[in-house]
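Those protein sequences? They're chains S and U, same order as listed. Heads up: the first sequence begins at 2 in the numbering used here, then just goes up one per residue. Heads up: the second sequence begins at 7 in the numbering used here, then just goes up one per residue.
Since the hints were derived computationally from the structure, they do not count as laboratory data. For each residue, glycine too, the CB sits at the ideal point set by N, CA and C. Any given hint might turn out to be false.
[What the hints assert, rightly or not] Across the chosen pairs, the derived CB separations fall in these ranges: (1) U:LEU94 with S:GLN136: 53 to 59 Å; (2) S:HIS152 with U:ALA46: 51 to 57 Å; (3) U:GLU332 with S:GLU133: 38 to 44 Å; (4) S:ASN239 with U:GLN318: 40 to 46 Å; (5) S:ARG67 with U:SER154: 30 to 36 Å; (6) U:SER32 with S:ASP142: 28 to 34 Å; (7) U:ARG95 with S:ASP142: 51 to 57 Å; (8) S:ARG171 with U:SER154: 35 to 41 Å; (9) S:GLY34 with U:ARG273: 20 to 26 Å; (10) S:ARG243 with U:PRO10: 46 to 52 Å; (11) U:ALA46 with S:ARG171: 56 to 62 Å; (12) S:HIS152 with U:LEU281: 44 to 50 Å.
The chain contents come next:
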Amino acid sequence: MALLEVEDLEVRFTTRDGVVHAVNGLSFSLDAGETLGLVGESGSGKSQTALALMNLLADNGSRRGRIRFQGKDLSSLSEREMNGLRGNRMAMIFQDPMSCLNPHLTVERQMTEVLEHHQGLSRRRARRRAIEMLQAVHIPDAARRIHRYPHEFSGGMQQRVMIAMALLCRPDLLIADEPTTALDVTVQAQILALLKELQARFQMGVLLITHDLGVVAALSDRVLVLYGGRACETAPVNRLFRHPLHPYTRGLLESVPRLDTPVDRRLRAIPGSPPVFLAPPRGCPFAPRCAQMEPRCTQSPPEWKNAAPEHRVACHLELST
Amino acid sequence: MSGPPLLEVEKVEVHFRLPGALPWQSRRLRAVDGVSLSLAKGRTLGIVGESGCGKSTLARAILGLVPITSGKIRLMGRRIDRCPPNTLRPLRRHMQVVFQDPFAALDPRMTVGEIVAEPLRVFEPSLDRRGRQARVRRMLDRVGLASSHLNRYPHEFSGGQCQRIGIARALIVEPALLVCDEPVSALDVSVQAQIVNLLQDLQQEMGLALLFIAHDLAVVRQVSHEIMVMYLGRVVERAPRAPIYTAPRHPYTRALLEAVPLPDPERERARKRTLLQGDLPSPLEPPTGCAFHTRCPRAEERCRTNRPRLIQQKPRHWLACHSPLETF
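Turn these sequences into a full structure, and let the hints steer you where they fit.
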């Protein structure tokens with residue numbers, strides 16, 4: 002059984018300008034112990050998908066569709082039951098650690114609180130578990146540093162504290178939303194290595210949300226490419242980078258300057274910019290920027306097609322590698 | 007090459023005094039600590055480094071946006087640091103800037119036409135309205151925007167388009183030097199490539215020199231002829247593109263390159279890399295000796311005590327390291 006199954010997810014926001022259609026019928030699943038990379042640019046719906054899964058959408062947002070986590074339909078849960086899962090069986094880490102650490106509480110207090118609440122541990126046992134987890138994320142001198150406030154840690158160390166907090170209850174699902182985007186590159190390399198290590202150690206399912214193709218390549222088992230709130234391609238990670246099929250995936254891979262290939266005179270850019278939809282797009286959301294667009298592309302949304310085992314693509318065209 | 011370089015920066019220091027709780031507790035932050043560089047017409051110098059390395063402060067100092075503590079800055083052979091405003095003004099048109107945040111850099115109450123025309127009002131006041139309009143239209147067309155955009159406001163545009171507007175505003179007075187401070191890091195990947203290409207095309211057409219500051223090493227490699235690597239306010243290595251990317255001598259340069267994850271899962275996972283330990287030290291309390299010694303895998307005793315000087319290794323390769331990597 003899949004750890005997480007998402008079917009036909011829709012996320013909308015009511016704004017002054019109208020209803021923004023952020024996620025438009027997204028389906029995917031994630032197995033226990035697997036890392037799925039959710040890749041996309043701004044407006045692709047990747048972060049809103051994560052927040053919808055955690056039921057943490059902004060007040061003007063609403064979600065529809067089915068989300069099953071360990072077989073349970075999340076939309077049937079009460080707020081109280083959801084609170085029991087969140088931070089416990091499913092946890093989330095963010096780009097900015099200070100957005101989820103409480104600046105007024107010591108690291109010890111915010112960590113023990115989680116364990117007392119979800120697992121009913123005594124303060125003493127909770128403290129011991131918290132220190133163990135800080136050691137697991139390689140914070141030196143954890144037993145002493147646990148008494149500090151978040152601002153007394155450097156950026157990379159705050160990121161580690163946040164990861165330790167998310168993992169306290171040994172969640173089955175970790176949602177990582179741009180976990181290294183705000184970090185300097187040498188610190189990013191450390192955090193990527195840490196996430197890889199922790200994933201192997203705790204065997205959790207990881208939903209990795211990022212715009213960085215290097216980060217996806219480093220951590221994911223499988224990749225789902227999003228554009229305009231829809232999935233356009235999914236495949237095992239090696240296959241996706243070796244044989245991308247969707248014109249958007251190809252365009253994205255070709256447009257990044259990279260260190261492992263000779264310098265071309267020009268980068269291959271995708272014209273135009275990522276869309277914001279005030280009505281769900283009738284056809285393929287990428288059609289306006291696609292060099293191979295045909296009339297049917299703007300008329301109906303493309304269906305999933307199997308290109309190879311585990312490799313599916315949503316495109317009207319006949320595609321070949 | 008003949009004549010003086012377009013831009014010359016000589017031992018520039020920019021120090022900030024940070025007030026403490028009490029007057030005698032104020033501290034000195036050496037944001038830029040003795041940096042020299044020169045840049046010729048039509049060339050691109052890339053400046054890379056992590057947060058706190060002083061790359062943006064250096065750019066702001068060159069533009070005259072922060073005062074320098076000591077050193078000299080020359081543009082077209084003339085001193086532009088500490089020079090009176092009326093001497094500086096005619097020189098200023100020769101250096102323009104493009105910032106990171108495309109929205110913050112544009113006045114939301116001005117139309118695109120007004121934004122792009124503004125430098126012309128300042129530097130070519132004798133130009134009449136029609137002349138100005140024609141120049142603005144030509145420039146907009148050159149950066150890939152339509153004349154129909156003239157009367158619109160910045161909020162009606164995407165990030166990439168706003169960056170085009172910022173580039174049009176910078177280049178309308180035909181400067182010799184364009185300082186780009188993280189010009190593409192706020193943009194989506196697919197749009198980044200458009201702006202990088204645009205800057206390269208414009209450079210070729212107008213013979214522009216670019217000072218290109220970015221933390222993204224792959225973007226810098228794409229655009230730069232030469233690269234300068236900074237760490238905590240100082241230059242640790244400076245060389246043409248090929249040696250920096252294929253045979254770096256400074257351990258920090260190599261660590262930076264190794265840290266970048268490659269968009270190729272097989273190669274990325276097969277990679278052997280030495281991870282640097284720890285975070286960047288605070289620029290308020292830089293380590294003694296070589297500032298990098300606290301994280302350097304090759305640090306020796308003298309690295310802790312003696313600060314290495316930036317020494318010329320080869321005609322265009324400069325290095326500040328006691329224990330450099332071998333070249334093969």
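Flag every earlier hint the structure violates by its number, smallest first. 2, 5, 8, 12
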